[in-house]
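Top line first, the protein sequences correspond to chains R and G. Going by the working numbering, the first sequence opens with residue 370, and the numbers climb by one from there. Going by the working numbering, the second sequence opens with residue 103, and the numbers climb by one from there.
Everything labelled a hint here was simulated from the structure, so no lab data went into it. Check the hints yourself; a few may be wrong.
As the list claims (entries may be wrong) - Label-pair ranges, simulated between beta-carbon atoms:
(1) R:475 / G:294: 31 to 37 Å
(2) R:669 / G:281: 54 to 60 Å
(3) G:231 / R:487: 45 to 51 Å
As the list claims (entries may be wrong) - In silico negatives: residues of chain R with every beta carbon more than 10 Å from chain G:
(4) 371
(5) 376
(6) 439
(7) 487
(8) 535
(9) 568
(10) 570
(11) 576
(12) 578
To be verified - Sample of chain R residues lacking proximity to chain G, with all beta carbon distances greater than 12 Å (derived):
(13) 556
(14) 608
(15) 664
Ideal Cβ placement from N, Cα and C applies to all residues, glycine included.
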Amino acid sequence: MLDVVQLLLDGLLDGAGYALVGLGLSLTFGGLKRLNLAYGATAMLAAYVGAWLHIRHQAPAWLVALTVVASAALIGLYVERLCFGLPRDESTQPRGAPIAGADGREVVALASSFAIWMQLEQLAVNLLPRHLNAFPSLAAEGQWMVAMDVFGSVSGVAGGELMLRPDRLALAVMTVLLTLGLARWLERSRAGLAWRAVADHRVAAHLVGMPVSRLQALGFAAACALSGVAAFAMLSLDAQVTPMFGMWVLLKGLVAAILGGLGSVRGVLWGGLLLGVVESLAQSWLGALAREFATYALLFIVLVAPWRASGRSAL
Amino acid sequence: MLEISDLATSYGKIEALRGVSLQARSGEVTCLLGPNGAGKSTLMLTLAGILRPQRGSVRFEGRELVGQTPAAIVSRGMALVPENRLVFPALTVRENLLAGAFKRRDAAGIRSDIDAMFGRFPRLSERVDQLAGTLSGGEQQMLAVARALMSRPRLLLMDEPSVGLAPIVVAEIFSIIRQLHREGVSIFLVEQNAHMALQVAQHFYLMEQGRVSFSGTPGELADDDVIQRAYLGQRKAA
Numbered sequence: 370m371l372d373v374v375q376l377l378l379d380g381l382l383d384g385a386g387y388a389l390v391g392l393g394l395s396l397t398f399g400g401l402k403r404l405n406l407a408y409g410a411t412a413m414l415a416a417y418v419g420a421w422l423h424i425r426h427q428a429p430a431w432l433v434a435l436t437v438v439a440s441a442a443l444i445g446l447y448v449e450r451l452c453f454g455l456p457r458d459e460s461t462q463p464r465g466a467p468i469a470g471a472d473g474r475e476v477v478a479l480a481s482s483f484a485i486w487m488q489l490e491q492l493a494v495n496l497l498p499r500h501l502n503a504f505p506s507l508a509a510e511g512q513w514m515v516a517m518d519v520f521g522s523v524s525g526v527a528g529g530e531l532m533l534r535p536d537r538l539a540l541a542v543m544t545v546l547l548t549l550g551l552a553r554w555l556e557r558s559r560a561g562l563a564w565r566a567v568a569d570h571r572v573a574a575h576l577v578g579m580p581v582s583r584l585q586a587l588g589f590a591a592a593c594a595l596s597g598v599a600a601f602a603m604l605s606l607d608a609q610v611t612p613m614f615g616m617w618v619l620l621k622g623l624v625a626a627i628l629g630g631l632g633s634v635r636g637v638l639w640g641g642l643l644l645g646v647v648e649s650l651a652q653s654w655l656g657a658l659a660r661e662f663a664t665y666a667l668l669f670i671v672l673v674a675p676w677r678a679s680g681r682s683a684l
Numbered sequence: 103m104l105e106i107s108d109l110a111t112s113y114g115k116i117e118a119l120r121g122v123s124l125q126a127r128s129g130e131v132t133c134l135l136g137p138n139g140a141g142k143s144t145l146m147l148t149l150a151g152i153l154r155p156q157r158g159s160v161r162f163e164g165r166e167l168v169g170q171t172p173a174a175i176v177s178r179g180m181a182l183v184p185e186n187r188l189v190f191p192a193l194t195v196r197e198n199l200l201a202g203a204f205k206r207r208d209a210a211g212i213r214s215d216i217d218a219m220f221g222r223f224p225r226l227s228e229r230v231d232q233l234a235g236t237l238s239g240g241e242q243q244m245l246a247v248a249r250a251l252m253s254r255p256r257l258l259l260m261d262e263p264s265v266g267l268a269p270i271v272v273a274e275i276f277s278i279i280r281q282l283h284r285e286g287v288s289i290f291l292v293e294q295n296a297h298m299a300l301q302v303a304q305h306f307y308l309m310e311q312g313r314v315s316f317s318g319t320p321g322e323l324a325d326d327d328v329i330q331r332a333y334l335g336q337r338k339a340a
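Chain G extracted, bound-state conformation (with noise of 0.2 Å):
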C-alpha cells in the first residue's frame, strides 16, 4: 500500500532522512520504532508533503507522492495523525472536525461523519463547543485521531500517539488503534512505547540515525537482543 524507497530529507545541512526505505502494507498495522532524533517524525512529515524530501520516492496504492501538496495527499486517502496532536487550538472541538473534513464536500457525509466520531469518542462529545485549546492532552490526542479520519483516509499515519499521556489515556488509544485496525483501516504508526506497539503491530521497523536498521514480525522484534535492551527493559531475557 505504502512504498518508500531511499528516501532522503534535510533540514538545511542536518540530514534527518540517509535513505530510508520501508512497505506498509494493506489492513495492517505498520509500526515504527526508534530514539529521539531518529528522523521518524522527519520521516511522518515528509510522507505527509509538509516537508520536502531531496531524493526518494513514496508510492501510495502505486502512485508517486514526492512533489505533491499535501492537500493533494489528504485527498489521495492519506492522512497524518501528527506529533504533538496540533489541534487547532482557537477553533471549537466541532470546527476541528469540519477542517478535517476540509477536503469533502458531501455536506450529509460530514454530519453523518461527526456524529459517528462522537460515538467512537464520547469525551469528545461532552466538549462538542469547547475550544480545542482548552481540552487535556489526552482529549487532544481523539480530536487529532477524528480529524484524521474525518477525510476518510486508506492508510492513517500516526506520529506517537502516546507520548506524554497517562497510562489510562495510552491505553484507551491503543483501544482504538485496534478497532480501527478491524474495521479495515491500514495504519503506519510511529511509537517509542514498544510494549504497547507490540500488542496492535503486524509489523515492525526500526530506525536509527536516520536509517533503517531492523525489519520484521513482532516475534523477531522480541527476539532481538539490542531491540529487547533498548526498548523491552529485558524483560523476556532468557
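Pulled out of the complex, with its shape left as it was, chain R reads as follows (with noise of 0.2 Å):
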C-alpha cells in the first residue's frame, strides 16, 4: 500500500513539472492556435546561457534564474517575429480570408518554428559544447537542506516513511499555483480579456480596438518566460543540463498539454499530473521501457478517444 502511495506520489510530483513545462505551450496555441515547435529549445538555449554565467561566471542562483527568465522572454520574441509575427494590417491576405480564419500560415509558421529550433539548439552547443554541464542546484543550499529534515520527520505514516524531496514538493505547489493564478488572470484581467479576444477573433479585436500584434507579441514572449521558469525550476532539481533538455521539454510539455485540452490552462496541469502518475505506475510494474511507452500509449488513447471534447475553447 505505501509503495502505491509513494508511486502515485512520485507520479504527481514528476507530472506537475510536465505541467509546468506545457503552461507556455499551451497559452502559445490557445492565443495563436499555431504550435510552437522552438519552444523546448527555446527553454533549452535560455538555460544554456543561464549555465554559462554559473560556469565561467560564477553567477549565483537567483542571477542565473533572472538570466535564463529574461533570455526565455527575448528569445520568444525573436521567434515570434521570424515565425508566428502577423502583418500589422489584415489586408495582405488573400480576399475573403480576413473574416476566415485558417490561411495556410498554420503550417508555415511550424515549419519555420522548427527550422528555428534546429538553429537555437545549434547556438546552445556552440555556447557550451560538452554533454554535460553544470546547472545551479537550489537543493544543495542551507534552507532546502533543512526543510527536507523537517519532512522526514512529519511524512512518517505507520509501517515506514515516504520518500519526499521538499524542492520538488516546493516546484510542485509553484506550478499549481502559477496555474490556477494564470487562468484566473486571464478570466478577470483586462489584458487577459485581450489575449482570449485576439484568439478568438482577429479581426473582432482589431475592431474594438485591440492592438493585436503587440499583444500577440507580448503574449509569446510571456509564454517563453514561462519556459525560462519551467527550465530553471527543472534544472536546478538536477544541477545539470544536457542538449536533451530541448527535446524533453517540447515532448513532456506537448503530451501534457494535449492531454488536458491543447490551449487550455488549466487542463494542462491536469494533463501533466495524468502523464506524470502513468508513467510512474507504468515504470514501476512494467519496467523502465515502459515509462516512455505509457507517454505515447496515453496520447494515443486521447486522440482516437470517442469521448473527448472537440472545439472546446474553456481555460
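Assembling the complex is the task here: the two chains are given apart, and the hints tell you how they should meet.
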C-alpha cells in the first residue's frame, strides 16, 4: 500500500514538472492557434545562457534564474517575429480571408519554428559544447536541507516512511499556484480579456481597438518566459543540463498540453499530473522502458478516444 | 462629419474600390446601397482601418484616418458593426461588451453603459453569461451593435445589419437605428434592404462595381428608374 502511495506521490511530483513545462506551450497555442515547435529549444538555449553564467562567471543562483527567464522571453520575441508575426493590417491576406481563420499560415509557422528549433539548439551547443553542464542547484543550499529534515520526520506513515524531496514539493506547489493564478488572471483581467479576444477573433479584436500585433508579441514572449521559469526550476533539481533538455521540454510539455486539451491553461495541469502518474505506475509495474511507452500510449488513447471533447475553448 | 474622397482599395490585383467619394453628415443616417460585390464591405473595412487603401483620403471630423490603426480610429470616435456580426464567439455576452469598451478606462462609466445596453437590448440581459457563439443570429447582431456602442462612438458604421435575419428581427434592428438617430448618433449604414433603409436614412448613395453611381435624398431615390427596378421592385411604378 505504501508503495502505491509512494508511486502516486512520485508521479504527481513528476507530473507537476510536465505541467510546468507545458504551460507556456498551451498558452501560446490557445492564443495563436499555432504550435511553437521552437518552444523546447527556447527553454534550452535560455538554460544554456544561465549555465554559461554559472560555469564561466560563477553567477549566483538568483542571477542565473533571472537570466534564464529574461533570455527565454527575448528568444521568444525573436521566434515570434520570425515565425508567428503577422502583418500589421490584414489587407495582404487574400480576398475574403480576413473573416475566415485558416489561411495556411499555421503550416508556415510550424515549419519555420522547426527550423528555428534547430538553429537555437545549435547556438546552445556552440555556447557550451560539452554534453553535460553544471547548473545551479537550489536543493544544495542550506534552507532546503533543513526543510528536508523537517519533512523526513513528519511524513512518516505507519509502518514506513515516504520519500519526499522538499524541492520537488515546492516546485509542484509553485506549478499549481502559477497555473491556477494564470487561468484566473486570463479570466478576470483586462489584459487577459484582450488575449482571449485576440485568440477568439483577430478582426473583431482590431475592431474594438485592441493592439493585436503587440498583444500577440507580448503574450508569446510571456509564454516563453514561462518556459524559462520551467527550465530553471526543473534543471535546478538535477543541477545539470544536457542538449537533450529542449526535446524533453517540447515532448513532455506537448503531451501534457494535449492531454489537458491544447490551449487550456487549467487543463495542462491535469494533463501533466495524469501523465506523471501513468508514467510512474508503468515504470514500476512494467519496467523502465514502459515509462516512455506509456507516454505515447496515453497520447494515442486520448487522440482516438470517442469521448474527447472537440472544439472546446475553456481555460 | 465623414468625408471620403477618391478612395481605392485592392485585394492583390483585384480593384474592389475604384475611387469612391461620398460624405456622411453629422446627426444623419446615411445609407449606401449596392449589389453584392459592389465593394460596400471593402469600403467599411477600409474605413475601420482593417484594410489599407492604395490611394484616397478619409477625413473624420476634419482629421485624416488613412494610415491610422484600427485602434486609433476607434479612439477617434468611429466604430464598425461588421458584416456577419463578428462577435467573439468564445467570450460571454458581458465579456463581448467589456471588449467593446477596451479603449476606455472609466470603470464606473463602462459598468453603467453595460447596464444601459441591457436596458436597450433586453434579450441580451437574459444571456449575460452565455457564450456569444451560442446566441441566435438576431441576438448576435444586437450584441455586435451593443459592442460597438460600448466605445461611445459619434459615428456608427453598420455593414448590412439586416442580412440573414427574420423580418421581425430586421424590424427590431431598424427601430434601434431610428432610436440611436434620435439620440444624436450619426450612422453610416450599408444595406441591401432598400425598403427598410428608406424609412431611416436621410441621404442615399448607390455603389456599383467599386464606384458611387448615385447620390440623393429618399425622394430622389424613389424617383430613380434604375434603382426602382433593382431595389424597390417597381412597386411605385407610375
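Each hint tested on the structure:
1. R:475 / G:294: 31 to 37 Å: 34 Å, holds
2. R:669 / G:281: 54 to 60 Å: 57 Å, holds
3. G:231 / R:487: 45 to 51 Å: 46 Å, holds
4. 371: The assertion about residue 371 of chain R holds, with a minimum of 45 Å to chain G.
5. 376: 38 Å, holds
6. 439: Since the minimum Cβ distance to chain G is about 28 Å, residue 439 of chain R lies beyond 10 Å and the statement holds.
7. 487: At about 33 Å from chain G, residue 487 of chain R clears the 10 Å cut-off, so the statement holds.
8. 535: Given a closest Cβ separation of 40 Å, the condition holds.
9. 568: 8 Å, violated
10. 570: 5 Å, violated
11. 576: 5 Å, violated
12. 578: Non-interface label fails for residue 578 of chain R: nearest chain G Cβ at 3 Å, not farther than 10 Å.
13. 556: At roughly 9 Å from the nearest Cβ of chain G, residue 556 of chain R sits no farther out than 12 Å, so the non-interface label is violated.
14. 608: 43 Å, holds
15. 664: 30 Å, holds
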